[in-house]
Amino acid sequence: MKRLLKIRNKPGRKTLRIVSVNDMDVGTLPQSVLFQYAGKNEHEVICNDHKIELMLESVYKYTLGRILNYLTRQDRSEIECRRYLKQFYISEDMTDKIIDKLKSYNYLNDARYAESIAISASSRGLSRKELAFKMRERGLNEAIATEAIDKYYNDKEADEKLYRKIQKTADRYSSLPYCKLKEKVLAKFYKKGFSLDKISCLLEKYSTEKDN
Numbered sequence: 001m002k003r004l005l006k007i008r009n010k011p012g013r014k015t016l017r018i019v020s021v022n023d024m025d026v027g028t029l030p031q032s033v034l035f036q037y038a039g040k041n042e043h044e045v046i047c048n049d050h051k052i053e054l055m056l057e058s059v060y061k062y063t064l065g066r067i068l069n070y071l072t073r074q075d076r077s078e079i080e081c082r083r084y085l086k087q088f089y090i091s092e093d094m095t096d097k098i099i100d101k102l103k104s105y106n107y108l109n110d111a112r113y114a115e116s117i118a119i120s121a122s123s124r125g126l127s128r129k130e131l132a133f134k135m136r137e138r139g140l141n142e143a144i145a146t147e148a149i150d151k152y153y154n155d156k157e158a159d160e161k162l163y164r165k166i167q168k169t170a171d172r173y174s175s176l177p178y179c180k181l182k183e184k185v186l187a188k189f190y191k192k193g194f195s196l197d198k199i200s201c202l203l204e205k206y207s208t209e210k211d212n
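For the sequence shown, my numbering begins at 1 and goes up steadily by one.
Note that these hints are calculated values from the structure, not bench results. Be aware that one or more of the hints could be misleading.
Claimed, not checked - Cβ pair distances, simulated, as ranges:
1. N109 with R164: 26 to 34 Å
2. G65 with S20: 15 to 23 Å
3. Y84 with S32: 20 to 28 Å
4. T15 with D49: 51 to 59 Å
5. T15 with L196: 35 to 43 Å
6. K191 with S116: 20 to 28 Å
7. Y173 with R136: 27 to 35 Å
8. E57 with N154: 43 to 51 Å
9. K2 with S32: 36 to 44 Å
10. Y190 with K103: 49 to 57 Å
11. L64 with A143: 38 to 46 Å
12. R73 with M24: 45 to 53 Å
13. R136 with N48: 44 to 52 Å
14. S175 with Y84: 46 to 54 Å
Stated by the list, open to error - As a list, the in silico BS3-like pairs of lysine-lysine whose alpha-carbon atoms are at most 27 Å apart:
15. K51 with K86
16. K188 with K205
17. K14 with K51
18. K103 with K61
19. K198 with K180
20. K151 with K103
21. K101 with K86
22. K182 with K129
23. K191 with K210
24. K168 with K191
The beta carbon of each residue, even a glycine, is placed where N, CA and C say it ideally should be.
All chains should be modelled from the sequences, with the hints used to inform the complete structure.
This is the structure we're talking about:
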């Protein structure tokens with residue numbers, strides 16, 4: 001079956017074009033790249049197989065470059081990368097090819113990403129519950145998330161950070177009767193996934209230090 005390649009404008013993007021083969025979208029390319037294949041008549045129908053293959057290779061290289069730029073800003077999960085790639089109109093096969101390429105060069109590694117999130121979360125004083133939610137939000141599967149939390153979440157560091165947060169909150173409400181202050185502190189940190197026992201214990205520590 002003869003292949004026909006068509007080019008159309010990408011909505012909202014003056015310099016980007018959507019490329020389709022036999023009316024199936026296969027990717028996007030900048031106008032400047034398309035000029036090499038279609039010249040000034042960028043909306044012509046191309047039926048030359050060699051030109052089509054060259055253009056598909058350009059789609060692959062352009063999309064790979066864009067996602068590499070996306071990953072240089074911070075680590076991402078495979079799910080986040082697949083979501084990002086949807087805006088480029090590429091096929092599932094090309095998506096899989098790009099994802100495999102990123103994994104082969106270790107640009108994409110869900111276990112490493114989960115590890116960095118777990119370490120960061122404990123240093124910021126996030127609860128395990130809040131951390132697990134963030135992992136799910138980023139598309140990390142439960143097994144990888146659980147292993148990273150168990151291995152890299154530092155409870156002692158998180159507790160120290162939590163205590164400083166409790167101190168700050170309690171100081172803000174220091175003019176209130178202790179029962180009201182306690183109510184405010186418990187409500188705030190319970191919502192963030194910390195147990196009532198842990199919050200109460202740290203608040204008691206704060207109260208003792210305050211009295212001394």
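Checked hints:
1. N109 with R164: 26 to 34 Å: 32 Å, holds
2. G65 with S20: 15 to 23 Å: 21 Å, holds
3. Y84 with S32: 20 to 28 Å: 22 Å, holds
4. T15 with D49: 51 to 59 Å: 27 Å, violated
5. T15 with L196: 35 to 43 Å: 56 Å, violated
6. K191 with S116: 20 to 28 Å: 25 Å, holds
7. Y173 with R136: 27 to 35 Å: Between Y173 and R136, where Cβ atoms are some 32 Å apart, the hint holds.
8. E57 with N154: 43 to 51 Å: Between E57 and N154, where Cβ atoms are some 47 Å apart, the hint holds.
9. K2 with S32: 36 to 44 Å: The hint (36 to 44 Å, Cβ to Cβ) is violated, given that K2 and S32 are roughly 28 Å apart.
10. Y190 with K103: 49 to 57 Å: 39 Å, violated
11. L64 with A143: 38 to 46 Å: 28 Å, violated
12. R73 with M24: 45 to 53 Å: 31 Å, violated
13. R136 with N48: 44 to 52 Å: 47 Å, holds
14. S175 with Y84: 46 to 54 Å: 48 Å, holds
15. K51 with K86: The hint holds at about 24 Å.
16. K188 with K205: Answer holds: K188 to K205 is near 17 Å, not above 27 Å.
17. K14 with K51: Holds - the C-alpha atoms of K51 and K14 are around 23 Å apart, at most 27 Å.
18. K103 with K61: Given pair K103, K61 holds - Cα atoms ~16 Å apart, limit 27 Å.
19. K198 with K180: This hinted pair holds, its Cα atoms lying about 18 Å apart.
20. K151 with K103: Given pair K151, K103 holds - Cα atoms ~22 Å apart, limit 27 Å.
21. K101 with K86: 17 Å, holds
22. K182 with K129: 22 Å, holds
23. K191 with K210: 25 Å, holds
24. K168 with K191: With a Cα-Cα distance of about 17 Å, the restraint between K168 and K191 holds, given a limit of 27 Å.
Of the hints listed earlier, those the structure fails to meet are numbers 4, 5, 9, 10, 11 and 12, in rising order.
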